[in-house]
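Asker: The chain contents come next:
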Amino acid sequence: MTLGSVPPKFKVSIDRDQCMDCGRCIENCSYGVYRREGDKILIESRKCTGCLRCVAMCPRDAITLTEKPIDYRSHPLWTREVREDIIKQARSGKIILSGMGNARDLPVIYDRLLLDACQVTNPSIDPLREPMELRTYIGKKPSKLNFRKTESGDVELETKLAPNLKLNTPIMIGHMSFGAISLNAQLSMAKAVTELGTYMGTGEGGLHRDLYPYQDHMIVQVASGRFGVNIDYLERGAAIEIKIGQGAKPGIGGHLPGEKVNEEVSRTRMIPVGSDAISPAPHHDIYSIEDLVQLIRSLKEATEWKKPVFVKIAAVHNVAPIAAGIARSSADAVVIDGFRGGTGAAPKVFRDNVGIPIEVAIASVDQKLREQGVRNEISIIASGGIRSSADLAKSIALGADAVNIGTAALVALGCRVCGNCYRNLCPWGIATQRPELVSRLDPERGAVQVSNLIRGWTMELSELMGAAGINSIESLRGNRDRLRGYMLDEGMLKILDVLPAGA
Amino acid sequence: MCGIIGFIDRTKSRMDGSSIKAALSLMNERGSGDGAGYAAYGIYPEYADYYALHVFFDNLGESKKKVDELLEQWGKIVHQEEIPTTPQPGIKKVHIPWRYFFKPSEDLMAGKMASENDVVTYIVMEVNSNVKGATIFSSGKNMGVFKASGWPEDVANFYRIQDYKGYIWLGHNRYPTNSPGWWGGAHPFNLLNWSVVHNGEITSYGTNQRYVEGYGYKCSLFTDTEVVAYLFDLLGRQHGLSYEMIVKALAPPFWDDIDRMPAKEAELNKAVRLTYGSALMNGPFAIVVGTEDGIVGFTDRIKLRPLVVGENGNRLYISSEEAAIRVLDPEVKNVYTPRAGEPIIGRFIE
Ligand code: SF4
Ligand code: SF4
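Protein sequences appear in the order of chains A and B.
No gaps in the numbering here: position 310 of the first sequence is 310 in the numbering used here, and each next residue is one more.
No gaps in the numbering here: position 335 of the second sequence is 335 in the numbering used here, and each next residue is one more.
Honestly, the hints are just simulated from the structure, not real lab data.
Please note: incorrect hints may appear among the correct ones.
Quick list of in silico lysine-lysine cross-link-like pairs, DSSO-like style, CA-CA up to 30 angstroms [as the list claims (entries may be wrong)]:
(1) Lys303/B <-> Lys166/A
(2) Lys300/A <-> Lys264/B
(3) Lys12/B <-> Lys306/A
(4) Lys494/A <-> Lys132/B
(5) Lys368/A <-> Lys494/A
(6) Lys264/B <-> Lys149/A
(7) Lys166/A <-> Lys270/B
(8) Lys218/B <-> Lys92/B
(9) Lys166/A <-> Lys300/A
(10) Lys12/B <-> Lys149/A
(11) Lys218/B <-> Lys132/B
(12) Lys149/A <-> Lys270/B
(13) Lys270/B <-> Lys300/A
(14) Lys218/B <-> Lys368/A
(15) Lys218/B <-> Lys494/A
(16) Lys270/B <-> Lys144/A
(17) Lys166/A <-> Lys264/B
(18) Lys144/A <-> Lys306/A
(19) Lys12/B <-> Lys368/A
(20) Lys132/B <-> Lys144/A
(21) Lys264/B <-> Lys160/A
(22) Lys368/A <-> Lys303/B
(23) Lys218/B <-> Lys66/B
(24) Lys144/A <-> Lys303/B
Across the chosen pairs, the derived CB separations fall in these ranges [as the list claims (entries may be wrong)]:
(25) Lys149/A <-> Asn314/B: 23 to 31 angstroms
(26) Glu436/A <-> Met261/B: 49 to 57 angstroms
(27) Glu72/B <-> Arg297/A: 45 to 53 angstroms
(28) Pro321/A <-> Lys132/B: 27 to 35 angstroms
(29) Asp49/B <-> Ser288/A: 49 to 57 angstroms
(30) Glu311/B <-> Lys160/A: 37 to 45 angstroms
(31) Lys264/B <-> Ile95/A: 53 to 61 angstroms
Selected chain A positions facing chain B (Cβ under 8 angstroms, derived; list incomplete) [what the hints assert, rightly or not]:
(32) Pro131
(33) Lys144
(34) Leu157
(35) Gln294
(36) Arg375
(37) Asn376
(38) Gly469
(39) Asn479
Quick caveat: nothing in here was measured; it's all calculated off a predicted structure.
Each residue gets a CB set at the ideal place from its N, CA and C atoms; glycine is no exception.
Given these sequences and hints, build the entire structure.
Answerer: Here it is as structure tokens:
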């Protein structure tokens, strides 16, 4: 018995009256949807991923791309996706891979949280005329300060501050490794964060030498595979992040397919060309919080206690106590990655079903750290599906110090969230190592686009704060009083510690 | 709106309550008749070593019994009585104001409850959040808060404010906008010897509240001003910061200004912001705080509420309006408006 083929997801067509036969669609589509046969351009819709490169590049707007919804009998339970996955696995007997973030249609809590604004009794603040302070320091803070009086009667600070990262805006770019994404993509973001006075992560791919000029704005990552990690790498970073988990795939490791491991990637990661780079789920030297403490301390020792060390975990059910444990270690910040976080490649079942929303994770971690009296001593960085300045403002009001963006930065570089990053064919030159595709992304222009995005969000955040009568980011942090829940159930409101709209 | 006034005589020579009543009433346009109150320091010299606990009781039955029990469990009540009041047509008496003079028992103060102040703080939090029908609205030594819903002169007459003599006086005329006009919501807000009068709205309330609650304070009075008293207690009493440093934490200089400071000063200011960022208060405010050894006045960082200072010899006045100060002291000199965030501190002369 044969399974037959599944109907294509997209239907691509060319308006032949408009088409001038320039062939750009053929050139641009790395998935091979278009090909020329004689004087005709043929289309193979089945290969289309919806990356929209052809549509964007067609000089005549001749291409139409539609999703094809009703090739199956519609069914609320046995959706097209469910059935196709079954068919795929019936064929292959393998794990289904996917790219980018959670693609399930779940309610977004951010969209059910509403921000506040002033009316009459307290003035809103106009950020164009009044100072608006978004400067954020990430790192350990003392719980209290001690002063001493000098002989001349002056007051002097006795407490010594731990090294902190200074961010001009509470937006950073999260870790996306060289290998998973192209060097041009990394360069674009590195230039942007350097110009803006913020930071980005290297991911677990090491630090390519072309990024050295931006190293003061890069956070180097130590993941379970330890790819690219040596003392030179650690010393170059502005901070070090230990990656325990990732929102898109909590509880499992990373996998960079061998075809993405070219000469450059191999040198940067310190692995052979063409070999799969597999980082295991656990760090093989961390089986308890004590082990984590040891790693943190050794990294600090290695870098002479000059660099903050972050620990990144995926948002899972038990995230609050785990974060509390991390807060009590010597870590300077805990990075929490929610279940909407993107990825270069993940088993679909993980991406779509494991973990919890970042909104509740921030709220419960902030709460737990306060209960334990250590909230002030560690920074919380939230990531995983932050789509706008509103999501950013809400994250901070729930208790985050800053956020990491990933997918949003890639979208600013052209990504159309087609979800095919793991195939090394990204037509936008982002999630690929093929030189002809990588060259499509100009790092100079990419940097402008990314910095424009962050600048735009930063301005919007200032306006949102000004409207709420707040002129410094410290006063938005954990200010749940400035949030109201709309269409959220009582249990959720309780966890978020937010009042319902109208209250 | 709201009108605030603060007065200190640095030599501890005492002033009766009649002039503060007159000064506060002058600012009636700043109020709505929904709340007024006074704090006076130095009024109970005969009980100066005891905590004067002022309590609003809904009734003298169950709720009072619970408070009595709690106090007896933690120490000794040396005297208690109903606070004398005179009925006023403008005031609907909804609570029975009561006062205890209380001494915490030292034998019980081990471990977590290290000092008398900790015990009293615990009792205040416990009663205000868990005892129905009772609110402790004043808990300092040799001082007391008197407040109710009504106009300043009615509240003063109700409590016979003119009969008390104090060397620090605070007054508040309320125009409630963000919380109910109930007696407990009137100012001053007090904890131990900290009393706060405030004109404005603290937009950082949610952050400040979560911050102090992390240290065991419970905000139960439904208003943003309460948290200011707890912030002073936390930073002043528990962390031992000077008044100047507390104001630096609550209304710090802008980063741009800090960046321009000499290195050492910049480092200190940066440390304050990093450590006490959650205590930073935002929104429009002008505040006067009564303390154990003086008064502290300051405004928000961009000065969205008025504050005027006046001096005359050993006396220092801080108010929303110069006219109110002139009612207190027609001879007042050196009247000026402080800069945003600048602390105005009046201390006793040793
Ligand atoms: S890019 Fe547009 S105009 Fe050019 S060949 Fe393709 S469809 Fe025709
Ligand atoms: S990075 Fe490229 S492959 Fe991945 S979702 Fe975006 S456009 Fe598609």
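Asker: Any of the earlier hints contradicted here, and which numbers?
Answerer: Of the numbered hints, 3, 19, 20, 22 and 35 do not hold.
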